[in-house]
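As they're listed, the protein sequences go chains A and B.
According to our numbering, the first sequence is numbered sequentially starting from 1.
According to our numbering, the second sequence is numbered sequentially starting from 1.
What the hints contain is simulated information worked out from the structure, not anything from laboratory work.
Check before you lean on any hint, since a few could be wrong.
[As the list claims (entries may be wrong)] Keeping only pairs whose Cα atoms sit at most 25 Å apart, straight-line, the calculated SDA-like set for lysine to any residue is:
id : chain 1 : residue 1 : chain 2 : residue 2
1  : B       : 89        : A       : 73
2  : B       : 81        : A       : 61
3  : A       : 76        : B       : 68
4  : A       : 76        : B       : 47
5  : B       : 93        : A       : 65
6  : A       : 76        : B       : 66
7  : A       : 160       : A       : 147
8  : B       : 93        : A       : 54
9  : B       : 81        : A       : 75
10 : B       : 89        : A       : 67
11 : B       : 81        : B       : 47
12 : B       : 81        : B       : 96
13 : B       : 89        : A       : 66
14 : B       : 93        : A       : 32
15 : A       : 76        : B       : 60
16 : A       : 76        : B       : 62
17 : A       : 102       : A       : 87
18 : A       : 90        : A       : 101
19 : A       : 184       : B       : 60
20 : B       : 89        : A       : 61
21 : B       : 81        : A       : 70
22 : B       : 81        : A       : 78
23 : B       : 93        : A       : 58
24 : B       : 81        : A       : 87
25 : B       : 81        : A       : 62
[What the hints assert, rightly or not] Partial selection, computed: residues in chain A whose CB lies under 7 Å from chain B:
id : residue
26 : 45
27 : 46
28 : 47
29 : 55
30 : 58
31 : 65
32 : 71
33 : 100
Keep in mind it's a predicted model, so treat the numbers as computed, not measured.
The beta-carbon is built from N, C-alpha and C at its ideal position, and this holds for glycine as well.
For reference, the chains in residue letters:
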Amino acid sequence: MATETAAAHGAEAAGHAAESASACVGPSGGAVGLPQLCGEWMPNQIFWLVVTLIVLFLILSRVALPRIATVLAARKGAITSDLAAAEDLKAKAVAAEDAYNKALADARTEAQAIVAQNKAEMQAELDAAMKEADAEIAAKTAESEKAIGEIRAGAMDSVKVVATDTAEALVSALGGSADAATVKAAVDSRVKG
Amino acid sequence: MATEAHGEEAGGLVFHPMDQFMVEPLFGADVSWYTPTNVTLWMLIAVLTITGLLVVGTSRRALVPSRSQSVAELAYGFIYKMVEDVAGKDAVKFFPYIFTLFMFIVVSNFLGLIPMAFTTTSHIAVTAVLAVAVFVTVTVVGFVKNGAGFLGLFWVSSAPLALRPILAVIEIISYFVRPVSHSIRLAGNLMAGHAVIKVFAAFAPLILFSGIGILVTPLSILAITAIYALEILVAFIQAYVFTILTCVYLRDALHPSH
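All chains should be modelled from the sequences, with the hints used to inform the complete structure.
Below you can see the structure in the form of structure tokens.
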């Protein structure tokens, strides 16, 4: 770099010395002092800088920045709406889960209700059957008791008849005569006692 | 500095570290205010680069950005956030102005790192115009927005009353020194780095002339590489510093109370 510029300066040197006696360019074509402090170059730099800045400002503020702002806003919007959609879907999923759980719980309670109802029905049926059976048993018992009572009464009568006959026979055998009424009363009192 | 260098041509080495900053006309020999010079050329290249990046690069307006569009969006977001955070929400209308300054400076700085390039931002005339433009803008905005209240910037109401006049003098001086430091910081950093690279470059061909070159040449090439890496950092940091200082000054103009 240094050697190249040196060569260039060598070529330019004659030209510079001949044409322009610039205060900032030495006889060899190199810089005299600090090029930054050379007053005769400053207007040129300032002019082109101002032109550059104005052009750049117009390009950026009219074209580039609004465009980038639009893109960024669009992206932000897309992300926000996507997030909102995701939130929405999540809410829907939660609602669906809730509905499912509710249905499950409902089904469970219904099943329990049905079970309880069936149980109650069976109990009632069972109770009715039991009652019927009890009644039947009671009826049968009463009937049997009645039959036993009849049999017993029949037996008592037979005993009286046999005792009266026996007593009359005994009385007559012993040589007495007994009227029937007296024998009967005696037998009755003996059988009762 | 440069004149001394011209004198010392030790062992055939040529030192012209400052020649890279010379303004040269593209046509003819004279430099008047309107002559197209290497300044014009490199500023034009800067404008084309920025346009290529920010206009052509974003022309697809893609929702999923391409690389160039990503860079453009990154730059936009970076400066937008800086303006918003440092200068405040109401400074956002100055965003195109600040963005223009940042893009011009950062692209010029990086273009200047191309070998043989002319670094427009290494010139005090250029950075001074930028800094004075910021200074004038800030001062005008300060007075338009706050009227005479802008002078409150110089009256430190949190200080004891007796100290305030003295502080006011200091504040006023520091206010007017702002454009000087603002411009010299940028131009000085770039000029120094480029000059140092050039000095090391001048040492590099010593191996052709002298035995000690076996040691000096690799060292100087290493040094050029190292300084170049540093200059890449400086190119961005100085653009960043210039922009963030602009935002800080703008905040002072919009909210002058301490």
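Cross-check of the supplied hints:
1. B/89 - A/73: Within the cut-off at roughly 18 Å; holds.
2. B/81 - A/61: Since the Cα atoms of residue 81 of chain B and residue 61 of chain A sit roughly 17 Å apart, the hinted pair holds (cutoff 25 Å).
3. A/76 - B/68: Given pair residue 76 of chain A, residue 68 of chain B holds - Cα atoms ~19 Å apart, limit 25 Å.
4. A/76 - B/47: With Cα atoms ~29 Å apart, residue 76 of chain A and residue 47 of chain B exceed 25 Å; violated.
5. B/93 - A/65: Roughly 12 Å between the alpha carbons, so the hint for residue 93 of chain B and residue 65 of chain A holds.
6. A/76 - B/66: Cα-Cα ~17 Å, so holds.
7. A/160 - A/147: holds, 20 Å
8. B/93 - A/54: holds, 17 Å
9. B/81 - A/75: holds, 17 Å
10. B/89 - A/67: holds, 21 Å
11. B/81 - B/47: Answer holds: residue 81 of chain B to residue 47 of chain B is near 23 Å, not above 25 Å.
12. B/81 - B/96: Distance of about 13 Å is within 25 Å: holds.
13. B/89 - A/66: holds, 18 Å
14. B/93 - A/32: Cα-Cα ~44 Å, so violated.
15. A/76 - B/60: Status holds; Cα separation ~17 Å.
16. A/76 - B/62: holds, 13 Å
17. A/102 - A/87: Holds, at roughly 22 Å.
18. A/90 - A/101: Measuring from Cα to Cα gives roughly 16 Å; hence the hint holds.
19. A/184 - B/60: Answer violated: residue 184 of chain A to residue 60 of chain B is near 142 Å, above 25 Å.
20. B/89 - A/61: Distance ~18 Å between residue 89 of chain B and residue 61 of chain A Cα, so the pair holds.
21. B/81 - A/70: holds, 16 Å
22. B/81 - A/78: Cα-Cα ~21 Å, so holds.
23. B/93 - A/58: Given that 25 Å is the threshold and the Cα spacing comes to 15 Å, the pair holds.
24. B/81 - A/87: violated, 29 Å
25. B/81 - A/62: holds, 20 Å
26. 45: Nearest chain B Cβ about 4 Å off; hint holds.
27. 46: Holds - the Cβ of residue 46 of chain A comes within 7 Å of chain B, reaching about 5 Å at its closest.
28. 47: Since the shortest Cβ distance to chain B is 5 Å, the answer is holds.
29. 55: holds, 6 Å
30. 58: Constraint on residue 58 of chain A not satisfied, violated at 9 Å.
31. 65: holds, 6 Å
32. 71: This hint holds: residue 71 of chain A lies near chain B, its Cβ roughly 5 Å from the closest one there, short of 7 Å.
33. 100: violated, 37 Å
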